[in-house]
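The sequence shown begins at 1 in the working numbering and counts up one residue at a time.
Wrong hints could be hidden among the right ones.
[To be verified] Listed next, the in silico DSSO-like pairs over lysine-lysine satisfying Cα-Cα at most 27 Å (straight line):
no., residue 1, residue 2
1, K183, K33
2, K67, K183
3, K78, K183
4, K59, K78
5, K33, K59
6, K33, K67
7, K78, K249
8, K149, K78
9, K149, K59
10, K67, K78
11, K33, K78
[What the hints assert, rightly or not] Derived CB-CB ranges, DEER-like:
no., residue 1, residue 2, range
12, R21, A204, 33 to 39 Å
13, E253, L120, 41 to 47 Å
14, N60, H136, 38 to 44 Å
15, L120, I171, 17 to 23 Å
16, V190, Q124, 20 to 26 Å
Everything labelled a hint here was simulated from the structure, so no lab data went into it.
Cβ coordinates follow ideal geometry from the N, Cα and C atoms, glycine included.
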Amino acid sequence: MTGNAQPGRVGYRDIANDLRRQIDSGELPPGSKVPGENDLTSQYGVEQPTARRALDVLKNEGLIVAKRGSGTFVREFKPIRRVSPDRLQAGTSWGSGRPIWTADVGTRPRTEGVTVDVELPAAQVAEVLNLDGGSHVVVRRRTYVVDDKPVQLATSYYSEALVAGSAITQINTGDGGAYARLKELGYEPVRFREELRVRMPRDAERETLDLAQGTPVILIVRTAYTADDQPVEVNEMVLDSAAYVLEYKFTSED
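Please build the complete structure, drawing on both the sequences and the hints.
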């Protein structure tokens, strides 16, 4: 198309399709600069609004990202591989005094903005934790940063009556994190349920995670249970979808 473009005969979708083909084929590899609006107007013989709209299509698809003062580039994807259920095995992660993150990135990420509060829970959290009306929860909020890039927001909820006075109510929960502390309290998590969905980010999430235009987030809600099926934690995680591959391992055995 690029060699035969004629004014008035090329629409923004044609330009977007051509650029998408170049990205998919590797002609424009990850990290490479994408032609700007002025280049596209000249190359395809179109007006600037048409060129701008073509680039917006690819930004909304998450294929390209604009970097202020530098131009527009093909999105690079260097994923964190989140492996379940390996990351929750007590014998190889938190039960050994290591963070669950070691199964994902081999090290502990930087944690920013940790807050601990006591609040009345939302109805859905109270229901999952089997709390009576008026019961409070300890809420831990934090942001995880890998290679200087925020990649995940996490908010954990615990019954205040269950964890009062423990390190779970402190900024630093100690080696092994909150699950190790729950075990010390006699409420060891042994079973987990995760619910996952994808949605577009809220404004605050977009800002905190520094998300490029068109980037959805992955919402994972994990509930931790003891051996007698008592729910002891609800953890709501918001992940930058451009930073993750989610891997799940299964067997055919009961």
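- Message: Need the list of violated hint numbers for this structure, in ascending order.
- Response: Checked against the structure, the hints that fail are numbers 1, 2 and 3, while the rest are satisfied.
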